[in-house]
Amino acid sequence: MEGIGIFYYFYAMRTLRQDLVLRKVGDDYIMVDPGQGMVDLSKVHTLNETAAWLWENLTGKDVTVERVAGLLCERFEVTQERATSDALALIREFEVAGLFEA
Amino acid sequence: MKINPRTTLTSLFYEIAGLQLELRLSPTVNVDMLLPSFTGFRINVANDRIPAATVTLLESEPPEENEMGVLRSDISVVWGDNFRFYERENTFVTQIKHPVKEMQWVMESTRDFKESVIYGNAKDPRMGELVSWLLMVVFGQAGLQYQLILIHASVIAHRAEHGVAFLGKSGTGKSTHSKLWLQHIPETALLNDDNPAVRIEDNDQVFIYGTPWSGKTPCYKNSKVELKAFVRLEQAPYNRFTKQENMHSLIAVLPSCTAIRWNKTLFQTMTNTLSRIVGKVMVGQLECLPDAQAAYMSSKAVFGSKAAGHTGEN
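Taken in order, these protein sequences are the chains called A and B.
For the first sequence, position 99 matches number 300 in our numbering, and the numbering has no gaps at all.
For the second sequence, position 128 matches number 130 in our numbering, and the numbering has no gaps at all.
The hints are simulated quantities; they were obtained by calculation from the structure and are not laboratory data.
Errors might be hidden in some of the hints.
Said to hold, decoys possible - Keeping only pairs whose Cα atoms sit at most 25 Å apart, straight-line, the calculated DSS-like set for lysine-lysine is:
1) Lys245(B) with Lys225(A)
2) Lys230(B) with Lys225(A)
3) Lys266(B) with Lys244(A)
4) Lys226(B) with Lys225(A)
5) Lys244(A) with Lys171(B)
Hey, can you work out the whole structure from these sequences and the hints?
And the structure:
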């Protein structure tokens, strides 16, 4: 399963949604996502500091496990293995939250 | 009888929250009768500034269109089932429907709401109410580019110096809470009861302004005070004030702000301004009863115990 997951994420081309703007409000990083349907289902996404830093560094680029893991290795003293599994988890979370361009 | 709009329209100017609004209409309309709540906001001539928005009122039917555009909303507290909001390629269309076609009102606005044309029937007895409401729609969007947000709130001014805006869903008791302040907190006055404007000025100070729109309460004050706090109200069987920090401050105020969700630029501009505002103004949540103690509690939270007067210091 894991192997298939990595394979999939590694080859899928995905970019962060350009319409979302990352903002710092007090100590928090947030993005307000205006719902586009008839009923107002606007959302506020909250990011921790690492996710916010990754967001800034991934803007406009293809988001791959390799790239995210590379960024994590740059910033933290982590093994390639750990960075890869964290990168995968982050991409999945972004996916679920609908933060990638359709 | 067809009126040629190019030759017969006159321009009137209003200044609301420091922004100019130009209204072009037939000189036969008695505008102070039509829009009495705007009278205190009239200015004689446009000074050198460009109006934030220009609205032209035409007493005619809207041009025939094959399709209205993409229906974006049909939810309006004021107009119920008769409200429609459409997005077209380069414009937004606000429609107030009526079973009689001649009684339908349509406004077409550029995407930034800087230019709008209202089509309607001058014989409609609802004309004043309709035009006032449509001007509010325009002002709420056009103001966003000037770091101004039209909010849904009841506002009191304390010592004609500081403002407190009470937020909450319709029916929560915003007006009731304002009234409790007027009764129990010394030196307070109502600034606006429904749709004040909040604006960050060039010196980074946040002000709240009275407007010509105040819901059911005729309180159309053309004045401003420095905004001290937003207080989101929630009905509860007790009184409790909780300060909201960081993202919670933004989330507490966001649902009370006007910005259409279908123009990303306007929406992001609004969120930008709001992020700055909540960094400078206190935000709190008040779970409350409709009683004097609730007013003492919120006034104490915002101004300290002295403002509440002797009764609040127990």
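Now the hints, each set against the structure:
At roughly 19 Å between alpha-carbon atoms, Lys245(B) and Lys225(A) fall within 25 Å of each other, so this suggested pair holds. Pair hint Lys230(B) plus Lys225(A) holds up; C-alpha atoms about 21 Å apart against a cutoff of 25 Å. Between Lys266(B) and Lys244(A), the direct Cα distance comes to roughly 14 Å. Compliance with the 25 Å bound is thereby established for this hinted pair. Straight-line distance between C-alpha atoms of Lys226(B) and Lys225(A) comes to about 28 Å, which puts the hinted pair past the 25 Å bound.
With a CA separation close to 18 Å, the supplied pair Lys244(A) and Lys171(B) stays within the 25 Å bound.
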